[in-house]
Amino acid sequence: MTPTTAERTFTSSHNAVGSRLDYLDATRAFALLLGIVFHACLSFMPIFMGWAVQDVSTSPLVAMFMTVSHSFRMETFFLLAGFFSHLTFHRKGAGEFVRSRVLRIAVPFVVGWFILHPLVVSGWIMGSASLRGDVDVWAGLLGGFQSLSTLPAGIFAGSHLWFLYYLAMITALVLAVRGLLTTTGSRHAKMVRRADTAVAWLANSPVSLLILAVPTAATLWFMRFWGMDTPDQGLQPNIPVLVIYGGFFVLGWMLSRQRELISQFARLTPQRWILAGLGITAILLLGDIERDPGHPHYVAAHVAYAVSYALTMWSLVSLTIGVFRKLCQRPNAFIRYVADSSYWMYLVHLPVVVWLQVAVAELPLHWSLKLAFVSTITIALSLFTYDLFVRSTFIGWVLNGRRRDRVMVS
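So for the sequence shown, this note's numbering puts the first residue at 9; every next one is plus one.
Worth flagging that the hints you see were computed from the coordinates, not collected in a lab. One or more hints might be untrue.
Unchecked claim - Simulated pairs of lysine to any residue, SDA-like, Cα-Cα distance not exceeding 20 Å:
| id | residue 1 | residue 2 |
| --- | --- | --- |
| 1 | Lys334 | Asn212 |
| 2 | Lys100 | Leu183 |
| 3 | Lys100 | Leu111 |
| 4 | Lys100 | Ala176 |
| 5 | Lys334 | Trp281 |
Can you build the whole structure from these sequences, using the hints too?
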């Protein structure tokens, strides 16, 4: 399953592998770091979300931020995952690509469940205990590690590593479909050319986001909740989630075949900013109706929400990439360092977030101060552990493909 001649023709002109697209790395890092802040917000929601703990200080502003950020952060990640996966596939070949995906996705997924899962569960146990005013850290840790005996039941409950599971599934599906298509001979080259032409037209079209929003809105209709579901209920795939994240991955894969198209897809235009603003306004205004199934216009509101959410999703994904393209035009050592560390930070952040949320939940402080504290300490600790234990070690080689010199700790 090596790259075909037709594919090499499309990729050879731009696949000077030594030159990474720094602004795309920065965008991916932003999406992951935004996820850390997103999870830090969960305890400050005015409505209990089934999270480990609910803080004594909450705000509807947190709910608004979470609604908007949840609409595009993982979609951005999956699009860029597809983009970089295609580059790696054609640079290293199928065998080396599969090996690298096993190391970077499957290994963290498996190891994470035996280390991170118990720590997250312990946070839930301590969160429940905090409601009674009696937090026992050791009892929480013991209960967390005892939860391993129940796996795979509840394997994704309250966790974030589902994204690795879906990334692995989508990657495997793309490779399988690609492998089947290569067996069709000359028809494969014809299909490739047609697909490239369609993607080029889509990237350059002024109505591309409207077109992409149609199937996305239709898929959103089948989610368990309005908006994008979090597929943390078990190993059985959530098909609507798989379709949407898979669609972003495939688009990223195809944009990588004609790399100049990513800048067209992410162009910053007044129309896109207006579209994003209208979409955000609509989902914030319509969101409360979800909790009122008896509303006389419930179905119409659901349809309008799905369409608005899809438009928000696509406009914010493209605008986010465009903003980072504008801001990160030159290589920057700090941005490079944060980009390298972001994968590790996202993998390990959740236990730290939950423990800190439990620690501050009863403090008589404004929610904004506590949110800033939880987010800042989590990012700082994750970054420090990256530099100390990951960057120059075997773990860094597994996660990032190479070891690099430490920066903070010599």
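Taking the hints in turn, this is what the structure says about them:
no.	hint	in the structure
1	Lys334 / Asn212	holds (18 Å)
2	Lys100 / Leu183	holds (14 Å)
3	Lys100 / Leu111	holds (15 Å)
4	Lys100 / Ala176	holds (18 Å)
5	Lys334 / Trp281	holds (15 Å)
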